[in-house]
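Student: Start from chain A and add chain B according to the hints.
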Amino acid sequence: MAAVKPKRHGPAMDMTAMCDVAFLLLTFFIMASSFKSEETVTINTPSSVSLDLIPETDASMVSIDSEGRYYFGIVDPSQRDDFAKILSDKYDLGLTNKEIVGFTTLAEVGVPMKQLKGYINLTENQRAKYDLTGIPLDSTDNELVDWVKTFGESFSDSKITVRGDGSTPYPALRNLFSEFSDADLNKFKLLTKSEK
Amino acid sequence: MAEVQVKESGGGKGKSKVKKGAGKPDMTPMVDLGFLLITFFIYTTTFSKPNTMVYNTPKELPADEVEEKELDIKVSNTITIILGENDRVFYYQEPLQAVVADDLKEVDYSAGPDGIRTAILRLKAKALDQDFWTVIIKPTDESTWANSVDILDEMAITESNKKAVVELKQVEKIAYYTKIGKPVPAE
Chain A
1 MAAVKPKRHG
11 PAMDMTAMCD
21 VAFLLLTFFI
31 MASSFKSEET
41 VTINTPSSVS
51 LDLIPETDAS
61 MVSIDSEGRY
71 YFGIVDPSQR
81 DDFAKILSDK
91 YDLGLTNKEI
101 VGFTTLAEVG
111 VPMKQLKGYI
121 NLTENQRAKY
131 DLTGIPLDST
141 DNELVDWVKT
151 FGESFSDSKI
161 TVRGDGSTPY
171 PALRNLFSEF
181 SDADLNKFKL
191 LTKSEK
Chain B
1 MAEVQVKESG
11 GGKGKSKVKK
21 GAGKPDMTPM
31 VDLGFLLITF
41 FIYTTTFSKP
51 NTMVYNTPKE
61 LPADEVEEKE
71 LDIKVSNTIT
81 IILGENDRVF
91 YYQEPLQAVV
101 ADDLKEVDYS
111 AGPDGIRTAI
121 LRLKAKALDQ
131 DFWTVIIKPT
141 DESTWANSVD
151 ILDEMAITES
161 NKKAVVELKQ
171 VEKIAYYTKI
181 GKPVPAE
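Sequences listed follow chains A and B, in order.
Taking this note's numbering, the leading residue of the first sequence gets 1, the next gets one more, and so forth.
Taking this note's numbering, the leading residue of the second sequence gets 1, the next gets one more, and so forth.
Extracted from the complex, chain A is given alone in its bound form (with noise of 0.2 Å):
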């Protein structure tokens, strides 16, 4: 009597679930992530034990890189039209609707309010080449304090939250202190990051 040989098959595997797998992870991280907005310098913070996370809206971002040059951005990126109309609006700086979306994108801004508008208009590659000068802020100009005295006319309860370089001199950072102090903003958070 012959055998009846089972019929062979190469080992088959069923890809479905798997691809349901991949798909749900999927969907999860599209929903779950915000893109990072375009970053005008990079600035790396120290760390601390610190466990309070940055506050998600209505938080304004003053960034001194490692030259002390200061920069001023906005952290949630949906609260940055509302605040480039009202800064357009208040200092006659004439930005279009289109110039103002394109603020939308910068995570920080690091020029002064005079050449914003130009500024915007550069494409990324040009921003790269810029020669950024940051927002002054000493004793004879202190336009920072406007940025920041701006967003928080815009949005009630604002918070300052100061982001800067680990190596970056302490004078730049007492420099900002006083002179924010001077317009009566006192309160301040401190980005870090975390240790663990």
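Because the hints were derived from the structure by calculation, they are not lab data.
Hints are not guaranteed to be accurate.
Listed next, with one range per pair, are the computed distances between beta-carbon atoms [claimed, not checked]:
1) B/D129 to A/K193: 50 to 56 Å
2) B/T178 to A/V101: 57 to 63 Å
3) B/R122 to A/V101: 34 to 40 Å
4) B/A111 to A/S181: 42 to 48 Å
5) A/D131 to B/A164: 35 to 41 Å
According to the in silico footprint, chain A covers these stretches of chain B (three or more CB under 8 Å from chain A) [to be verified]:
6) 29-38
7) 49-55
8) 137-147
9) 171-183
Anything over 10 Å on all C-beta distances counts as not near chain A; from chain B, calculated [said to hold, decoys possible]:
10) S76
11) E94
12) A98
13) A101
14) G115
15) A119
16) R122
Here a beta-carbon is modelled for each residue, glycine too, at the ideal position from N, C-alpha and C.
Tutor: This is chain B only, laid out in the frame that chain A set:
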């Protein structure tokens, strides 16, 4: 690999052309694509949010509202920390006017026995009145922001809630620059 199994339709006579259900589609490329996209999203997502540390500066009062209040803080209730250049850190526990270079003791930012934390905790334990334990932080012009944040962090760790960041007085500058062997900058 998953493969489409096409059933051999035996015979070849007329009726065999009837389709017997759709074959299983090969899911492999779809899974590949799915995971590729996941990888992309993971890389572009900002995952870890930075944390924050509360820092409040004293309010500047107009000159006519300033109340001159003589606060009597015992020297043994305080520690003064001077943040120096190149991640060096010094502390002393002396009356301000009497401080000289030899009073400055050098420590480091680590948590070890030579670290500033050990020094703070040791002096805090010896403080006359724990409720009035005060830390005075004096960053020099050569210190970095990371130094200040490290020290503020130590304040949280050692639970030193009364703290102040102030400028160095001339007498401290002399002591500090003598200690590190550099000329005292002109005022």
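Student: If you look at each residue in the region 29-38 of chain B, do at least three have a Cβ nearer than 8 Å to any Cβ of chain A?
Tutor: holds (count 6)
Student: Per the stated criterion, does the least C-beta distance between B/R122 and chain A lie above 10 Å, as a non-interface residue requires?
Tutor: With a cut-off of 10 Å, B/R122 remains clear of chain A, as the shortest Cβ separation is near 20 Å.
Student: Lying within 34 to 40 Å: is that true of the beta-carbon distance B/R122 to A/V101?
Tutor: Distance hint for B/R122, A/V101 is violated at roughly 58 Å.
Student: B/E94: least C-beta distance to chain A exceeds 10 Å?
Tutor: Label holds. Min Cβ-Cβ 23 Å, cutoff 10 Å.
Student: Would you say B/S76 is clear of chain A, with no C-beta pair closer than or equal to 10 Å?
Tutor: Given that every Cβ of chain A is farther than 10 Å from that of B/S76, nearest at about 28 Å, it holds.
Student: So the hint says 57 to 63 Å: do the beta-carbon atoms of B/T178 and A/V101 match that?
Tutor: This hint holds: roughly 58 Å between Cβ atoms.
Student: Taking beta carbons only, do three or more residues of the region 171-183 of chain B come closer than 8 Å to chain A?
Tutor: It is violated: at least three residues are needed, and the region 171-183 of chain B offers just 0 whose Cβ sits closer than 8 Å to chain A.
Student: 42 to 48 Å was suggested as the range; check whether the CB atoms of B/A111 and A/S181 agree with it.
Tutor: For B/A111 and A/S181 the Cβ distance comes to about 32 Å; the hint is violated.
Student: Examine each Cβ of chain A, and state whether all of them lie more than 10 Å from the Cβ of B/G115.
Tutor: holds (15 Å)
Student: Would B/A98 pass as off the interface with chain A, using Cβ distances and a cut of 10 Å?
Tutor: holds (26 Å)
Student: Between B/D129 and A/K193, does the C-beta distance stay in 50 to 56 Å?
Tutor: Since the Cβ atoms of B/D129 and A/K193 sit about 36 Å apart, the hinted range of 50 to 56 Å is violated.
Student: Check, residue by residue, whether the region 49-55 of chain B contains three or more positions whose beta-carbon lies closer than 8 Å to a beta-carbon of chain A, and give the verdict.
Tutor: holds (count 7)
In this structure, the earlier hints numbered 1, 3, 4 and 9 are contradicted, and the remaining ones agree with it.
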